[in-house]
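Following the hints, put chain X in place on chain Y, whose structure we already have.
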Amino acid sequence: MQATAQVVDFRDAAQREAVAERATVVAAIAGDRQAFEKLYRRHAARLHGLCLRLTGHRETAEDCVQEAFVSAWRALPGFETRSAFATWLHRIAVNTVLARRRGLAAALEHTVDGEIGDLDRRHADTTPALDVEAAIAALPDGARHVLVLVGLYGFSHEEAADALDIAVGTSKAQLHRARALLAAQLGLDPEAT
Amino acid sequence: MNSGRSHQSPPLDALLAALPREVVPARDLWPGVAALIAPASRPAAVHRRWPLAFAASVSVATAIGLIVWQAGRQPPPAAEDATTSAIRPALVEDAGFALPGGGKYLATRAGLEQTYRERLALLPPKTRLRVEEDLATIRAANDDIRKALAADPQSPVLNRLLEGIWQQEFDLYVTVARNTDPAVRRTRS
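Protein chains in written order, with my numbering: chain Y, 2 to 194; chain X, 113 to 301.
Okay, chain X solo, but in the shape it has when bound:
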């Protein structure tokens, strides 16, 4: 019955390939979507991701605090080590955040990072591993945002996210420095 047609019909693959994958809806569906995604409609996790790095540094602080508390050998840091004390005013001064890439930012960041590297070995192995993982998370987030910004440099959201990531990196360095102050003092005394 269809024999005549079959000789002229293109193979099935060609027919399927010819179908448009996109089919524009008969009406604009966005207003309906927009009505359902009002700001309050997203679960509380709405800001969780970007600040995945924020969560990371919080976990760092918690982990360090917990380990120190569990060890029970060190008193809480009543006074800061000279190195940390020297860094923190500079951080506070810059924490209003001199634009990254600027001299002040880079100097502060370099100082903090150096202290971080020196102090990292003082942390218990498990804590150190966790801190390093958190820093890797922060840096991966930083890379993602920078790539995104390369395509959309003026995005206010992306710029805010980037500032947040810088803040988290600084916080992590400071947290490590602060929590290793007692060990540094013992070594010196």
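Bound conformation, chain Y alone:
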């Protein structure tokens, strides 16, 4: 009985949150910058996590987060409120990261000697989480992008393939590759992954 009540309470809270978010999105669509700041406060950390793992570079990730929010603000009038705002925003962030990478300067920004790689050298073998972050940062771009989107941020293979402009089969193959490389780097038994 108690467990049931908790589930109901949780669902109600989730629904309330969803409705509140929708209200904030509607207000932002109407041009309310305070509402948009609320959305920023709610989503910035997750978006930053995504960008940081996609780029492997803190400053680039911060720039991408800012660019993504600015792009989102400009694109909000066309946003369909029946869609999930977070999903839409994540997609904009991925596009922002990829657009940067296509630029000449972007080609020089990502390197395993970047921030996460540095952290890894300073704190090698201190925490498993740091091992994993460093191992992810060291993955080849294609494998890392798919792992981050599908393995960490809940994209489907179809969504990831669409965002990365690759085939769904390629997305699946890259995820398999990423997992195998990670297992090797982390010294995990491939059969246990």
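Misleading hints may appear alongside valid ones.
Stated by the list, open to error - Every beta carbon over 12 Å from chain X, so not counted as near; a handful from chain Y, in silico:
no., residue
1, Leu99
2, Ala100
3, Arg103
Claimed, not checked - Think about it this way: if two alpha-carbon atoms lie no more than 16 Å apart in a straight line, the pair counts; the simulated EDC-like pairs of lysine to aspartate or glutamate are:
no., chain 1, residue 1, chain 2, residue 2
4, Y, Lys39, Y, Glu18
5, X, Lys259, Y, Glu22
6, Y, Lys39, Y, Glu22
7, Y, Lys173, Y, Asp142
8, X, Lys259, X, Glu275
9, X, Lys259, Y, Glu18
10, Y, Lys173, Y, Glu159
11, Y, Lys173, Y, Glu160
12, Y, Lys39, X, Asp264
13, Y, Lys39, X, Asp140
14, Y, Lys173, Y, Asp163
Bear in mind the hints are in silico, worked out from the structure with no lab data behind them.
A virtual CB, placed ideally from N, CA and C, is assigned to each residue, including glycine.
Chain X in isolation, oriented as in the chain Y frame:
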């Protein structure tokens, strides 16, 4: 080399699941965003959406006007039908907008809606379809805003949006009534 470690390491999925999805930026990025989203920075479409319904009713008026003009059989409505004439003063009186939910608002809205339903059949099929689609758009927008208001009843922006949607619904009814006046007059004469 890593064999000893592999026996103790949690599976990869558990390691990935343990990673925080949220990573707070080292600095507050909002000031940079805010500087770039100054009011003038949004394209002209900034107010387009909410008034998606507004655009809808404009398209309704345009569609009806175009069809009437193309038909070329009816003169422009020089005088309004008695029904429309009776409605419009009431609308004007209330259009300052008695708060929806109030008696005046509901009575005016009911009268307009009744006329709309009676007149809808007088429109050419294509126009009628478009009008009905526009009304559906308006009502969907109304539902969205009401749901949003349930969570944030004091939001001035949402309340303004809701008033705008009511206005669009009224405008649509009046537009239909006005554009079907000639047909109603012919029927009566």
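Checked hints:
{"no.": "1", "hint": "Leu99", "result": "holds (19 Å)"}
{"no.": "2", "hint": "Ala100", "result": "holds (16 Å)"}
{"no.": "3", "hint": "Arg103", "result": "holds (21 Å)"}
{"no.": "4", "hint": "Y:Lys39 x Y:Glu18", "result": "holds (13 Å)"}
{"no.": "5", "hint": "X:Lys259 x Y:Glu22", "result": "holds (11 Å)"}
{"no.": "6", "hint": "Y:Lys39 x Y:Glu22", "result": "holds (9 Å)"}
{"no.": "7", "hint": "Y:Lys173 x Y:Asp142", "result": "holds (15 Å)"}
{"no.": "8", "hint": "X:Lys259 x X:Glu275", "result": "holds (15 Å)"}
{"no.": "9", "hint": "X:Lys259 x Y:Glu18", "result": "holds (12 Å)"}
{"no.": "10", "hint": "Y:Lys173 x Y:Glu159", "result": "holds (10 Å)"}
{"no.": "11", "hint": "Y:Lys173 x Y:Glu160", "result": "holds (12 Å)"}
{"no.": "12", "hint": "Y:Lys39 x X:Asp264", "result": "holds (13 Å)"}
{"no.": "13", "hint": "Y:Lys39 x X:Asp140", "result": "holds (13 Å)"}
{"no.": "14", "hint": "Y:Lys173 x Y:Asp163", "result": "holds (13 Å)"}
Hint violations for this structure: none, all hints satisfied.
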